[in-house]
Structures are given as C-alpha cells and as structure tokens.
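*Asks:* Each chain, written out:
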Amino acid sequence: MMKPGVALALACALGLGLPSGPRAAALEPGAAGWVREYPQPDGSPARSCATCHGRDLTLPGRQVNTGKAIEPLAPSVVPQRLGDPEKVEKWLQRNCRWTLGRTCTTQEKADFIGFIRSQ
Amino acid sequence: MNNLKRNLIILGVVFLSLGAAGLALSGSDGDEHGGWGESRADLASVANATYGQECGACHLAYQPGLLPTEAWARIMDPAALADHFGDDASLGDGPRKEIAAFLAANAAGRAGQLPASAFAVGSDGGSALPRITETRYFTRKHHEVPVRLVAGNPGVGSFSRCNACHRGAAAGNYNEDRVVIPGAGRWDD
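Sequence lines, in order, name chains A and B. Just so you know, we're using our numbering here: the first sequence kicks off at 1 and counts up by one. Just so you know, we're using our numbering here: the second sequence kicks off at 1 and counts up by one.
Rather than coming from a laboratory, the hints here were simulated on the basis of the structure. The structure displayed is predicted, hence computed values, not measured ones. Incorrect hints may have been included.
As the list claims (entries may be wrong) - Under 10 angstroms between C-beta atoms, here's a sample of chain A residues computed to sit facing chain B: (1) Thr58; (2) Asn95; (3) Trp98; (4) Thr99; (5) Ile113.
The beta carbon of each residue, even a glycine, is placed where N, CA and C say it ideally should be.
Pulled out of the complex, with its shape left as it was, chain A reads as follows:
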C-alpha cells in the first residue's frame, strides 16, 4: 500500500502535468475553469460557464434566466466564434463578472479562449 505522502506527491505531480503520468489525465486550466461552480452573493444558485454554455461546446447552450438558445461556442460548429476580438472581450467582461464575480485575469481569459478554440 502506498504511503500517504507518496500518494499526495503523485497527485500533485499529475495535477501539474509533470511527466510522471499521462498529461491527458489532468484537465487543462481552461477546461477545469469552465465547469467550476461559483456561489453567488445574492442567493441565486451557484453557476459556472457551463451553466449557460454547457459542458459540450458543440451543442447549443441556454441562457439560464431567459431561456434563450445560445449557438454552440465551438468554432468547429460555428466558425465565426472567436473571430471578433471586441465581441470576445465584451462577453468575457460581462460573463466573468456575472459568474466569477470579478474580472477574469489575462491568464484566465487566455485559458478560456484556448479551451473554446480546442472544441
């Protein structure tokens, strides 16, 4: 049986994506951030990016308050996605505030964009 310390080190190594294990076993930061749920100060249910956009970006999403269908975010399905930097920035600004409760850092934005682009 593995000592607890060794198990912890292995888990950390995997998380960091070090060559001690298959990198695919660790979620990329964008993918992980996508499904992370953020509690809301006004008492409304916790939400994540996936709340409106779904986990599978090749499928349509749904605006959680209005019910309006959102076209799939995946550029593989909707080629115009990510094509307009102003539009991307506008939505990241709104949605980071609304979901995370704050502006996303440059790194976070890059991670999210990278995740979307890969879908």
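Starting from the known structure of chain A, arrange chain B on it as the hints suggest.
*Replies:* Same frame as chain A, but now just chain B:
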C-alpha cells in the same frame, strides 16, 4: 356609347371603389376581431441594428414603444446595465448611447406609439428597475392568463418571454389571434 353602357360602367367603377375603400379600412391583417375602429396597435418593429443585436442576444428585443422614455433611461443607466434584472448586460459607451437614444426616440408616448400613460410604471418600486410586465397596459391585457400557462408552463416560464406565446412578437405583432401557448394551443376567450 349608349346611356346604359355608360351607366353600367359608372356603376362598376363605383362598386370597385367601394370595395377598395372597404379593404383599405378593414385593418391590417383582416383578423376576425379587426376592422374599422379597432384600436389594437401593432408596435413599431425594432429598427436599430445595434439594439437588435445587443439587446436581442439574451431575450426578445422588446419594442421601444413598450415603455416610456423615463423607464428606458433608468434601464440604460450604466450601473443598471451591470445588474440588469439579475444579469450583467454592460455595454461599451458607444453602443450604449446609441441604443439609449434609439429607445428614447421611439418610446411609448412618442409619435406613432401608444400613449406613455398606458405603459406607465409605478415610481413606488424603489430601486427596482421598471418592467414591461408591470405596466398598466400589460397587466390589463394579461390578467386573465392563468399562472399554470405561464410560470407553471415549462414551454413558457415567464411573462417576460413574449415570443413564447406571441408568435409575431419579433415583428411587433401581439395580436391575440397569433397567440399559441406551448402545450395549450390558441388563446380562446
């Protein structure tokens, strides 16, 4: 030409004119409730591309004639947009000013729209933003609609989703005849 033929031609022209006048006066879509004197108003369609694109992104781009100028001004305030009925609808200064001007110019009470008093929103709501669904005109038009057909209806959910039942809403047509309630069918009253 003899008199009979001339008289018949005149009679024909008179009847044709009456028919044409009748068509002209019969109301825009000839629905069974329509007709001369019917005051049902079709709201002017949304005619600003920025408004349609920005404000139609999450919900129906509500026609400007559905609220008075003051109500739109409160909604378009930058701080209010950041907390827009529970969502963040922040806009850059350029689009925001353009949309605010469009709404103000085409609000209830402006030329061609229903009077502002019809869509007045109470000022006793405190800091809550004005809602189309709380205007006098709206409540009068919908007070007979049971909750189970709206809030209790998975196909609708809220009175704010006009186009769930009003199939012509995007074009400004809220005629009762074009109402089809999901799971319930046409509105009969």
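*Asks:* How about Ile113(A): closest beta carbon in chain B under 10 angstroms, or not?
*Replies:* violated (19 angstroms)
*Asks:* Does Trp98(A) pass the interface hint, meaning its C-beta sits closer than 10 angstroms to a C-beta of chain B?
*Replies:* holds (4 angstroms)
*Asks:* Could you check if Thr58(A) really has its C-beta closer than 10 angstroms to a C-beta on chain B?
*Replies:* Hint violated; Thr58(A) Cβ to chain B Cβ min 20 angstroms, cut 10 angstroms.
*Asks:* Can you verify the interface hint for Thr99(A): is its Cβ closer than 10 angstroms to any Cβ in chain B?
*Replies:* At 9 angstroms from the nearest chain B Cβ, Thr99(A) passes the 10 angstroms test, so the hint holds.
*Asks:* The hint names Asn95(A) as touching chain B; please verify it with the least Cβ-Cβ distance against 10 angstroms.
*Replies:* holds (7 angstroms)
The structure is inconsistent with the numbered hints 1 and 5, although it conforms to all the rest.
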